[in-house]
Amino acid sequence: MRLLLVEDQQMAADYIAKGLRENDFVVDVAANGIDGLHLLLTHDYDLAILDVMLPGINGWKLLEMARQADRATPVMFLTARDDVEDRVKGLELGAEDYLIKPFSFSELLARARVILRRQTPSAVMSSDESQLQIGGLVLDVVKHKVSREGNRIELTQKEFLLLSLLMRRSGEVLSRTVIAEQVWDMNFDPETNVIDVAIRRLRGKIDDNYPVKLLHTIRGAGYVLEEKEHADTP
Numbered sequence: 001m002r003l004l005l006v007e008d009q010q011m012a013a014d015y016i017a018k019g020l021r022e023n024d025f026v027v028d029v030a031a032n033g034i035d036g037l038h039l040l041l042t043h044d045y046d047l048a049i050l051d052v053m054l055p056g057i058n059g060w061k062l063l064e065m066a067r068q069a070d071r072a073t074p075v076m077f078l079t080a081r082d083d084v085e086d087r088v089k090g091l092e093l094g095a096e097d098y099l100i101k102p103f104s105f106s107e108l109l110a111r112a113r114v115i116l117r118r119q120t121p122s123a124v125m126s127s128d129e130s131q132l133q134i135g136g137l138v139l140d141v142v143k144h145k146v147s148r149e150g151n152r153i154e155l156t157q158k159e160f161l162l163l164s165l166l167m168r169r170s171g172e173v174l175s176r177t178v179i180a181e182q183v184w185d186m187n188f189d190p191e192t193n194v195i196d197v198a199i200r201r202l203r204g205k206i207d208d209n210y211p212v213k214l215l216h217t218i219r220g221a222g223y224v225l226e227e228k229e230h231a232d233t234p
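Residue numbers (full-length UniProt numbering): 1 to 234.
Everything labelled a hint here was simulated from the structure, so no lab data went into it. Fair warning: there could be bad hints in the mix.
Stated by the list, open to error - Heads up, simulated DSS-like pairs for lysine-lysine below, C-alpha to C-alpha not over 27 angstroms straight-line:
id, residue 1, residue 2
1, K213, K145
2, K158, K89
3, K213, K143
4, K158, K18
Claimed, not checked - Estimated spans, in silico, between C-beta atoms of each pair:
id, residue 1, residue 2, range
5, D44, D208, 43 to 49 angstroms
6, V84, V212, 55 to 61 angstroms
7, N193, K61, 42 to 48 angstroms
8, A72, N151, 19 to 25 angstroms
9, N23, T177, 21 to 27 angstroms
10, A69, R201, 20 to 26 angstroms
11, L109, N209, 32 to 38 angstroms
12, T192, I218, 18 to 24 angstroms
13, P102, G204, 19 to 25 angstroms
14, V212, N23, 28 to 34 angstroms
15, F103, D140, 23 to 29 angstroms
16, A72, L109, 30 to 36 angstroms
17, M11, Q68, 31 to 37 angstroms
18, L99, V142, 31 to 37 angstroms
Even for Gly, the Cβ is constructed at its ideal location relative to N, Cα and C.
All chains should be modelled from the sequences, with the hints used to inform the complete structure.
Dropping the structure here:
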């Protein structure tokens, strides 16, 4: 899942972003309200985490302007302002949650996951909301395990992130640029073959031993994970 963090304190932003990425999130960071608003209006995020006291545009105004532009991205506020009136204002503007600084990262992570569980992913979620499933392929988000037809599949960290992205957006063709941005958190270099190598290795693990192929290449467009009889290319 892709998150936006708007935090002007560099050390805090680095700490929060690092922790979120270690928990399998893709994170974009803005250091002021103007850049944060631009990102929020031009990208699709599963959650935005906003400081209140920001240079340029404060967090409250940022959320207000985003809502006026019909952006429904869920928002969590982070702030040292702990007055009841401030918390009420944030919630009345449409924020999902309001976390007071200083806070523990584990609490931030738990609250973020509660908000994210309310969102509906593309793949089928199990009843306990901890698994993604397409056909016989199952990805357990919490236990960090993958299996197909009951057979355990060992994946590297990047392969797990790649598969998670493809499953959450199943049926959608993802370009190499999008994959590079969301899994490797980097601007796409057209000369690199890192995406193709990763797809090839992932396909070997989840598809090669099964008659029904799930991971398909769409020539000139990208890759898609869905149930159909034949891939577009090997």
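For this session: Against the structure, test the hints numbered earlier, and report the numbers of the ones violated in rising order.
Result: Violated: hints 2, 5, 8, 10, 13, 16 and 18.
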